[in-house]
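Colleague: Given these sequences and hints, build the entire structure.
There are 2 protein chains.
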Amino acid sequence: LDQKMMGEAQIRLDQLTKPQGSLGKLEEIAVKLAGIYGELFPELQNKVHIIMAGDHGVAAEGVSAYPQSVTTQMVHNFLANGAAINALAEGSGAKLKIVDIGMIEDIDSELLVKAKIKAGTENMTKGAAMTREEAIKALEVGIEQAKKAVEEGADIISTGEVGIANTTPSSAVLAVFTGLELNKIVGKGTGLNEEGVKNKIDVIQKAIDYNKPDKEDALDVLASVGGLEIAGMAGVMLGAAAMKKAVVIDGLISAAAALTAYKLCPGVVKYLFPSHRSAEPGHIKIYEELNLEPFIDLQMRLGEGTGAVLALPFFDQAVNIIRDMATFEEAGVSKENE
Amino acid sequence: LDQKMMGEAQIRLDQLTKPQGSLGKLEEIAVKLAGIYGELFPELQNKVHIIMAGDHGVAAEGVSAYPQSVTTQMVHNFLANGAAINALAEGSGAKLKIVDIGMIEDIDSELLVKAKIKAGTENMTKGAAMTREEAIKALEVGIEQAKKAVEEGADIISTGEVGIANTTPSSAVLAVFTGLELNKIVGKGTGLNEEGVKNKIDVIQKAIDYNKPDKEDALDVLASVGGLEIAGMAGVMLGAAAMKKAVVIDGLISAAAALTAYKLCPGVVKYLFPSHRSAEPGHIKIYEELNLEPFIDLQMRLGEGTGAVLALPFFDQAVNIIRDMATFEEAGVSKENE
Chain A
535 LDQKMMGEAQ IRLDQLTKPQ GSLGKLEEIA VKLAGIYGEL FPELQNKVHI
585 IMAGDHGVAA EGVSAYPQSV TTQMVHNFLA NGAAINALAE GSGAKLKIVD
635 IGMIEDIDSE LLVKAKIKAG TENMTKGAAM TREEAIKALE VGIEQAKKAV
685 EEGADIISTG EVGIANTTPS SAVLAVFTGL ELNKIVGKGT GLNEEGVKNK
735 IDVIQKAIDY NKPDKEDALD VLASVGGLEI AGMAGVMLGA AAMKKAVVID
785 GLISAAAALT AYKLCPGVVK YLFPSHRSAE PGHIKIYEEL NLEPFIDLQM
835 RLGEGTGAVL ALPFFDQAVN IIRDMATFEE AGVSKENE
Chain B
535 LDQKMMGEAQ IRLDQLTKPQ GSLGKLEEIA VKLAGIYGEL FPELQNKVHI
585 IMAGDHGVAA EGVSAYPQSV TTQMVHNFLA NGAAINALAE GSGAKLKIVD
635 IGMIEDIDSE LLVKAKIKAG TENMTKGAAM TREEAIKALE VGIEQAKKAV
685 EEGADIISTG EVGIANTTPS SAVLAVFTGL ELNKIVGKGT GLNEEGVKNK
735 IDVIQKAIDY NKPDKEDALD VLASVGGLEI AGMAGVMLGA AAMKKAVVID
785 GLISAAAALT AYKLCPGVVK YLFPSHRSAE PGHIKIYEEL NLEPFIDLQM
835 RLGEGTGAVL ALPFFDQAVN IIRDMATFEE AGVSKENE
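Taken in order, these protein sequences are the chains called A and B. With the working numbering applied, the first sequence corresponds to residues 535 to 872, in that order. With the working numbering applied, the second sequence corresponds to residues 535 to 872, in that order.
Source of the hints: derived by calculation from the structure; they are not laboratory data. Don't take every hint at face value.
Note that identical chains are pooled: a pair holds if it fits in a single copy or bridges any two copies.
[Said to hold, decoys possible] Cut-off 27 angstroms, straight-line C-alpha distance, at most; resulting in silico cross-link-like pairs (DSSO-like, lysine-lysine):
no.: 1; residue 1: 660; residue 2: 681
no.: 2; residue 1: 538; residue 2: 660
no.: 3; residue 1: 652; residue 2: 869
no.: 4; residue 1: 749; residue 2: 648
no.: 5; residue 1: 629; residue 2: 660
no.: 6; residue 1: 629; residue 2: 749
no.: 7; residue 1: 869; residue 2: 722
no.: 8; residue 1: 732; residue 2: 804
no.: 9; residue 1: 629; residue 2: 559
no.: 10; residue 1: 682; residue 2: 629
no.: 11; residue 1: 869; residue 2: 732
no.: 12; residue 1: 778; residue 2: 682
Modeller: So, in structure tokens, the structure goes:
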């Protein structure tokens with residue numbers, strides 16, 4: 535990050551007509567953006583929301599309230615402009631980019647980016663979700679998509695996903711990296727009952743016991759108990775960071791991707807922004823690991839990047855503050871204790 | 535509220551292509567809006583942010599880090615488009631309306647609504663902040679401004695204020711209505727140190743002891759330990775509710791106004807929406823009384839309505855969801871456990 539520009543941003547924020555620090559995290563966002571873009575007032579007009587779609591072999595273990603076919607059905611829905619993410623991205627002025635990185639079915643649409651690594655992961659209770667090579671390829675898809683988005687003009691990127699059963703590998707990834715107990719981090723996903731959550735915990739434990747991923751080897755964790763869309767989103771984050779653009783985390787799956795990206799390359803966190811706090815209990819644990827704090831809490835648990843796109847206007851507002859406010863001197867306003 | 539329309543909104547939300555309830559409070563907002571406006575997809579395009587400006591005699595007791603003259607200076611800054619609220623309201627597409635309901639100084643500007651009840655309240659440690667009659671007049675100013683805004687086209691109103699020392703009367707109002715201990719609700723306002731907070735607590739206690747407001751008589755509480763802008767904001771809330779428009783609460787002062795409006799007329803809460811959670815400890819206590827939960831947390835403590843205008847896009851997004859999403863049937867997506 536551009537430390538000099540961050541210093542200038544902080545100095546300017548402290549001169550603006552408000553008590554120092556009184557805009558809280560909005561000021562922190564302005565400083566971080568200045569560091570990322572190397573300018574005091576970055577223009578974040580072109581917002582791109584990238585959705586990674588992938589299926590999960592572990593769905594066979596009954597860990598989701600929805601049938602696996604819903605992954606493909608929801609991608610059709612995205613392409614037909616009918617999903618929550620379509621409505622919310624439109625409301626936040628973000629362009630959608632939907633990537634098939636590992637759906638079981640194929641969809642023949644020009645609107646869909648076709649980058650399938652394989653038709654869904656393997657059932658991780660009976661082997662690795664994917665090979666190490668596939669995990670690397672999935673990361674590369676994400677990096678490539680971020681790069682392409684930036685080349686096409688993206689100023690800021692938000693991340694989302696779809697993939698029936700994907701809170702299961704996300705919770706597994708979180709559990710392996712942090713060592714936290716499963717009953718403290720596993721939630722009901724899109725709608726499991728108590729019994730369903732109990733089964734989900736057993737399934738994750740089985741997958742971890744079978745694969746014994748090495749937490750010091752992030753690629754091993756990703757390959758053995760992760761997912762293709764998790765890898766793709768981690769790639770988007772790494773790619774956006776490499777292109778010096780801000781990238782916004784969404785819910786549990788996106789946060790699991792962020793944690794994976796961070797384990798692969800800790801510097802990525804400088805380019806990552808939180809958005810909402812999901813209703814999934816594991817979500818906030820990942821933020822604690824990344825030392826980031828979500829600032830929206832609508833008790834959402836949908837995914838698709840719905841929380842991330844809801845947060846996009848806040849980045850504009852942070853820039854509006856530092857760019858448009860008058861200083862104490864300009865406005866003739868007295869300072870503290872004057 | 536239109537119960538039939540709220541029922542229809544809930545039915546529609548449950549048919550949309552997402553797990554039921556997975557958009558959390560965004561769905562609750564959509565249902566409440568349907569009830570307020572009597573239509574499923576209310577148009578909230580015209581947003582008006584009303585700022586009430588007033589001074590406080592209790593500032594003489596050293597309860598603020600800023601000199602009292604800053605109230606007027608900041609109103610000049612609002613009028614010159616230089617404050618945080620200008621930048622953020624612009625970013626959220628809200629029109630500003632600034633009302634002098636009780637500044638010590640006068641400002642000669644056509645942009646300012648002149649509705650001064652008196653030139654600042656009295657020092658509440660030595661008597662009532664205002665007479666009962668003045669409190670009623672200040673409420674009426676707010677009601678009138680809300681009515682006028684709606685007549686001029688406002689679809690939704692957010693509330694803000696400026697008035698050096700005004701977290702002091704706000705905390706006093708909260709303490710009287712709830713009986714909570716002062717050390718649990720009094721914060722540092724715009725920048726007091728520990729000693730300053732201690733003094734502020736002593737000052738509030740002195741004001742309560744001197745005036746002995748009757749908590750069952752909301753007008754008595756407002757008049758004896760409240761403020762002109764608190765009364766004005768409470769009036770805006772009552773007026774907006776009477777005109778069947780949604781009205782958005784900001785930080786501590788705005789929340790104290792909401793609590794006062796609620797004590798005067800409990801039904802007002804049906805039209806009130808929370809926005810951010812302020813860094814002032816008393817703020818969340820008021821939300822608990824009103825049974826509302828803020829959904830933005832940026833650790834802000836500025837006032838002016840900055841948190842309320844940051845929340846405005848969320849109301850549009852709630853409408854976008856219920857209006858634009860496809861149903862399971864339309865999209866051909868399988869439901870839970872199908």
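Colleague: For every hint, state whether the structure bears it out.
Modeller: Verification of the hints:
1. In this assembly of identical chains, residue 660 and residue 681 lie within 27 angstroms of each other by CA distance neither inside one copy nor across copies; the values are 35 angstroms within and 66 angstroms between.
2. For the homomeric pair residue 538 and residue 660, neither the shortest alpha-carbon distance inside one copy (51 angstroms) nor that between copies (51 angstroms) is at most 27 angstroms.
3. Taking identical chains as interchangeable, the C-alpha atoms of residue 652 and residue 869 lie at most 27 angstroms apart only when they sit on different chains, with a minimum of 26 angstroms there against 61 angstroms within one chain.
4. For the identical chains of this complex, residue 749 and residue 648 are neighbours neither inside a copy (31 angstroms) nor across copies (66 angstroms), given an alpha-carbon limit of 27 angstroms.
5. Taking the shortest Cα distances, residue 629 and residue 660 never come within 27 angstroms of each other, neither inside one copy (39 angstroms) nor across copies (60 angstroms).
6. In this assembly of identical chains, the alpha carbons of residue 629 and residue 749 never lie at most 27 angstroms apart, being 36 angstroms within a copy and 53 angstroms across copies at closest.
7. For a Cα distance limit of 27 angstroms, the shortest separation of residue 869 from residue 722 across copies, 16 angstroms, qualifies, whereas the shortest one inside one copy, 50 angstroms, does not.
8. Proximity of residue 732 to residue 804 under the C-alpha cut-off of 27 angstroms is found in neither arrangement, the shortest distances being 36 angstroms within a copy and 39 angstroms between copies.
9. Taking identical chains as interchangeable, the C-alpha atoms of residue 629 and residue 559 lie at most 27 angstroms apart whether they share a chain (26 angstroms) or sit on different chains (24 angstroms).
10. Taking CA atoms no more than 27 angstroms apart as the test, residue 682 paired with residue 629 passes inside one copy only; the shortest distance there is 14 angstroms, against 38 angstroms between copies.
11. Taking the closest pair of Cα atoms, residue 869 and residue 732 come within 27 angstroms of each other only across two copies (22 angstroms); inside a single copy the shortest separation is 57 angstroms, beyond that limit.
12. Taking CA atoms no more than 27 angstroms apart as the test, residue 778 paired with residue 682 passes inside one copy only; the shortest distance there is 13 angstroms, against 48 angstroms between copies.
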